[in-house]
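K.L.:
Generate coordinates for the entire structure from the input sequences, incorporating the hints supplied.
Letter by letter, the chains look like this.
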Amino acid sequence: MNTPAPLVEFADVSYSVGGREILRDLSLSMQPGEKLILLGRSGSGKTTALKLVNGLLFPSRGQVLVEGKPTTEWDSVRLKRRTGYVIQEAGLFPHFTVAANVGIVPKLENWPAERIDARVSELLTQVGLDPAEFAARFPRQLSGGQRQRIGVVRALAANPALLLLDEPFGALDPVTRLELQRQFQSLQTTAIFVTHDVREALLLGTRVGLLRAGALEFLGSPAKFLQSQGQEARAFLEVLGAAHVV
Amino acid sequence: MWFELQDLTLEHIVLVVIAMLIATGIAIPTAIWLTRRTAWHRWVLGLANILQTIPSLALFGFLIPIPLIGGIGKRTAIIALVLYALLPVLRNTLVGILGVDAGVRESAVAMGMTARQVLWQVELPLAARTILTGVRVATVTTIGTATIAAAIGAGGLGVFIFRGIASVDSGQILMGAVPAALMAILADEGLGWIERRFAPA
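The listed protein sequences correspond, in order, to chains H and P. Here this note's numbering is used: the first residue of the first sequence is 35, the next is one more, and so on. Here this note's numbering is used: the first residue of the second sequence is 687, the next is one more, and so on.
One or more of the hints may lead you astray.
[Said to hold, decoys possible] Straight-line distance between alpha carbons at most 20 Å, and here's what the computed SDA-like set of lysine to any residue pairs gives: (1) H:Lys-85 - P:Arg-791; (2) H:Lys-69 - H:Glu-167; (3) H:Lys-258 - H:Leu-62; (4) P:Lys-760 - P:Gln-807; (5) H:Lys-69 - P:Arg-791; (6) H:Lys-258 - H:Ser-63; (7) H:Lys-85 - P:Glu-792; (8) H:Lys-85 - H:Ala-133; (9) H:Lys-141 - P:Gln-807; (10) H:Lys-141 - P:Val-804; (11) H:Lys-141 - P:Val-703; (12) H:Lys-85 - P:Thr-800; (13) H:Lys-141 - P:Ala-801; (14) H:Lys-141 - P:Ser-742; (15) H:Lys-141 - P:Lys-760; (16) H:Lys-141 - H:Val-111; (17) H:Lys-85 - P:Val-795; (18) H:Lys-258 - H:Arg-268; (19) H:Lys-85 - P:Lys-760; (20) H:Lys-85 - H:Lys-141; (21) H:Lys-85 - H:Arg-115.
[Stated by the list, open to error] Some, not all, of what chain P presents toward chain H, calculated at C-beta under 8 Å: (22) Met-797; (23) Met-799; (24) Ala-873.
[Claimed, not checked] Covered stretches of chain H (chain P as the covering partner; in silico rule of three or more C-beta atoms under 8 Å from a C-beta of chain P): (25) 137 to 144; (26) 202 to 211.
It should be emphasised that the hints constitute simulated quantities derived from the structure, not laboratory data. Positions of the beta carbon are idealized from the N, C-alpha and C atoms, including for glycine.
P.N.:
Below, the structure is given as structure tokens:
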């Protein structure tokens, strides 16, 4: 049986800054269509791992390959436009309207104006925001949940091969958060999603990677994660248990 | 008398406009360059700070004997005015650009914007209001300082003031001081309006 080429591959990747090792010998690969969740405490290196994929950072040792090519050999701008990127608080441009925010990468890619408009309307509708009402608004005129939705669809606008999300729903109230998680589940896209929320990881992931102090402690399906006997995995699963007790 | 007022007012405006155009032309690109070179901040801002602490009359005096740029007249005056106007524009441009939210800048880079696109589409528009404030402050100061330029033969409204002091004639002093003050107020209001109109907070 032929397995398709991995979309992203970490090959013995380490990353240090100022003599401190943030990531250590990380190896994993992911196929198109997967939703890989990187779970870990603050400072476990998960954000760093994410930034190594789109070339915001480069490995100190080892290689990160995207579509079979090391990130160091990619044209920096091309690589970033192949990958959508969403951060907490969305990082929307405050001086751009919603439509301009969502249309930014297609515009950078020189799409014709009417194609951009159509794409923006399509995406806004997809996440339940009426284009007629929201396209002309500025980010400060939106709720936190709406801003985050715009952040996600902005990253999707130019049909990237891969979506990278760094705790995108971290700052939202629990109800809005669940709504957005459900919307994310319905997206047909390959994604690496960073979170410290074990519930979110189990809900959204097709695979979960657990990072502890820069090393991958577990990598497998959510079902396997639930049975993991690893120390850090148990620590995270205890949070779930505690939630049930409450 | 009125013709002279008109001429000197015009001369004053020309001094200020030329000095401000040169100063912003130097300060804004320098500040942009500095945003990428943190180690230089202290030195460049320190130098601009020192320039600003030199009393204006002394600075005009210092420049006179310097070959090529010195001498009596408009050129020397404009150079001194430019040196004074540098700091507010330089500092505000730097602060404005460095103050752009880190998440917004990171998003811009991660979106695949080139360094030039990040600068023109994100950093400068978001820093515009702070930069314009620097230009406004510098312009108002320059209008005041330019009255002293008359001391080295550069003309402008200072001519009335120095003549009035020499002949102990308050009327003459006011002929220079009142229009200069009005000009400063108008510049402050006008540039303030542009700030609010084109660079909403």
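K.L.:
Which numbered hints are broken by the structure, listed smallest first?
P.N.:
2, 4, 5, 8, 11, 14, 15, 19, 20, 24, 26
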